[in-house]
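Go ahead and model the full structure; you've got the sequences and the hints to work with.
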Amino acid sequence: MDKRDVRADRVSGGQLRRVGLAQALVRNAPVLLLDEPTAGLDPAQALNFLSLLRGLDCPGGIVISTHQVSDLADDVDRVTVLADGVLRFDGDVAAFRRLGARADGSGSSLAQVFASMIGGGTH
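Number 39 in the working numbering belongs to position 39 of the sequence shown; there are no gaps in the numbering.
These are computed hints drawn from the structure, not numbers from a lab.
Label pairs and their computed distance ranges (CB to CB): (1) Leu33 - Ala95: 21 to 29 Å; (2) Ile118 - Gly13: 22 to 30 Å; (3) Ala8 - Ala101: 37 to 45 Å; (4) Gly91 - Ala22: 30 to 38 Å; (5) Arg88 - Asn28: 32 to 40 Å; (6) Asp9 - Arg88: 32 to 40 Å; (7) Gly120 - Asn28: 33 to 41 Å; (8) Gly61 - Gln23: 14 to 22 Å.
Quick reminder that beta carbons are idealized off the backbone N, C-alpha and C, glycines included.
Take a look at the structure:
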């Protein structure tokens, strides 16, 4: 559907996020800072938005602030977890995933690992 004549405050959450991303790209932002970019999106919209981000060539990188561990795709370079101003983790996604691994081969979900780091649960 053509949305060029529709005000930004009249589009869906996913469309509004794409508008914001387009504004940053038009201005040739050297770094994209995205705060909770998938908040309020349904799973299909979130996947679509993250796929769109993967296709971008942003020379300074893309920084995503999120509580959604599902946003931690395999192609994310780095995960940094801050809780109450304290650095809890800084490393690659594989290292973050390993934190949930157990000797018996089972493991905690990424959400459980994240929750335990920020004081919201155990793993």
